[in-house]
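Visitor: The primary structure of each chain is shown beneath.
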Amino acid sequence: MTDPELLERIKADPGAFSVVFKEYYKPIFGYVLRRTGKVDDSADIAAETFYKALKYINAFTYKGVSLKVWLYRIATNELNMYFRKKRSSLLDRVDIESAGSLRASLNEDRKQIEEEFHRHEEFQAVLAALKTLPIKYQEVISLRYFEEKDNGEICAILGIKEGTLKSLISRGLRKLHEMCNQF
Amino acid sequence: MEEMQEFEERLKHMEKPMVDELKHQDVLANAIAEARNRSLVSWWWLGVSLYVLVALFMKTLFVPHETLTRNLHEFATRDGWLSILVFLILPGLSIAMNLPAMLRIYREAGKPQASGLLRIVWLNVVIVLVSIIVIFIYL
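In the order they appear, the protein sequences are chains F and X. Numbers given in my numbering equal positions in the first sequence, counted from 1, plus 34. Numbers given in my numbering equal positions in the second sequence, counted from 1, plus 10.
One chain only, chain F, in its complex shape (with noise of 0.2 angstroms):
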């Protein structure tokens, strides 16, 4: 099924929003994970990319970027949000009883997630030191080297233009490369 007509069946049909989920929460998850390095923080600004989504699909048209770059760029904002410790929580708005139970399972899955992080060393010093810097150099930098996008999905997530995102990179990578050469 195509973006469009996906669109179509979601705006018809707001459950067909599953596929959208079932598709791509993974790699929105792993993109903010990747970003934050904190399993519950990340579970929660996922869920809230997801839950903006769905609030907002009727705003999504389908001109210019895809459904994965306009849930990138959701993804993108609640980041920002979260680093000037400006967003609420998912979790106020659902029931006790589904607070309790996606603790549950988030409780499970921490722990395979924190050992997966723990084999790569290397990634979290490097991220140690990302997020040192500007949360413009720390989008750009993520958005290339960690989710490996090319210039045109990054500059479409950020709404950016080719020329700023060059000097973005540029400039965040030699910051970084002097943080790293500090941890």
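Honestly, the hints are just simulated from the structure, not real lab data. The beta-carbon is built from N, C-alpha and C at its ideal position, and this holds for glycine as well. Please note that the accuracy of each hint is not assured.
If you only want the chain F side, here are some residues facing chain X, beta carbon under 7 angstroms, derived [said to hold, decoys possible]:
no. : residue
1   : Tyr90
2   : Leu140
3   : Glu150
Listed below are the simulated DSS-like cross-link pairs for lysine-lysine, each with C-alpha atoms no more than 27 angstroms apart in a straight line [unchecked claim]:
no. : chain 1 : residue 1 : chain 2 : residue 2
4   : X       : Lys26     : F       : Lys56
5   : X       : Lys69     : F       : Lys56
6   : X       : Lys33     : F       : Lys102
7   : F       : Lys119    : X       : Lys121
8   : X       : Lys26     : F       : Lys200
9   : X       : Lys33     : F       : Lys89
10  : X       : Lys26     : F       : Lys170
11  : F       : Lys72     : X       : Lys69
Start from chain F and add chain X according to the hints.
Guide: Just chain X, lined up with the frame of chain F:
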């Protein structure tokens, strides 16, 4: 320069933690479906102004030889502070609340195109326009 290239290559080929199976995914799908948005649309603030304005408008319609301008002037002379609150402060507050809200929604909704954005912020736009009209009528 060479050092930077080496660093870039290192980043490119560095192994990254990957996410395998996620048990919380299904539970989360249900939680998202039942999550409620608790933010309130700020019609409330404008309600008082509109109520007074409609009352004055009705008076203009049903009382012979009355005009809205004269009724407004009379209201402003009789209840100076109240008229400032109702026709300037409350609509001003509505504008001040709705403009940042629209900007926030634009970011939260993944920077949609104008037509898409309008579909979700139409109520905010209406509130801002009505507020401007209320202020304009008063001034």
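Visitor: None of the hints should be skipped; say for each whether it holds.
Guide: Against the structure, the hints:
1. Taking 7 angstroms as the C-beta contact cut-off toward chain X, the hint placing tyrosine 90 of chain F at the interface holds, the least distance being around 4 angstroms.
2. For the restraint placing leucine 140 of chain F at the interface with chain X, the shortest Cβ-Cβ distance is roughly 4 angstroms, inside the 7 angstroms limit, so the hint holds.
3. At about 5 angstroms, the closest approach between the beta carbon of glutamate 150 of chain F and any beta carbon in chain X falls short of 7 angstroms, and the interface hint on this residue holds.
4. For a cut-off of 27 angstroms, the pair hint linking lysine 26 of chain X to lysine 56 of chain F stands: about 22 angstroms separates their Cα positions.
5. Of the pairs offered as hints, the one joining lysine 69 of chain X and lysine 56 of chain F is violated, with about 59 angstroms between alpha carbons and a cut-off of 27 angstroms exceeded.
6. Among the hinted pairs, lysine 33 of chain X with lysine 102 of chain F is consistent with the structure: their alpha-carbon atoms are about 22 angstroms apart, no more than 27 angstroms.
7. For the proposed pair lysine 119 of chain F and lysine 121 of chain X, the alpha carbon gap of about 21 angstroms is at most 27 angstroms, so the pair holds.
8. With a C-alpha separation of about 23 angstroms, the suggested pairing of lysine 26 of chain X with lysine 200 of chain F holds against the 27 angstroms cut-off.
9. Annotation: proposed proximity of lysine 33 of chain X to lysine 89 of chain F holds, straight-line Cα distance about 24 angstroms (limit 27 angstroms).
10. For the hint pairing lysine 26 of chain X with lysine 170 of chain F, the CA-to-CA distance comes to about 21 angstroms; that is within 27 angstroms, so the pair holds.
11. A distance of roughly 62 angstroms separates the Cα atoms of lysine 72 of chain F and lysine 69 of chain X; the hinted pair therefore is violated under the 27 angstroms criterion.
The earlier numbered hints that this structure contradicts are 5 and 11.
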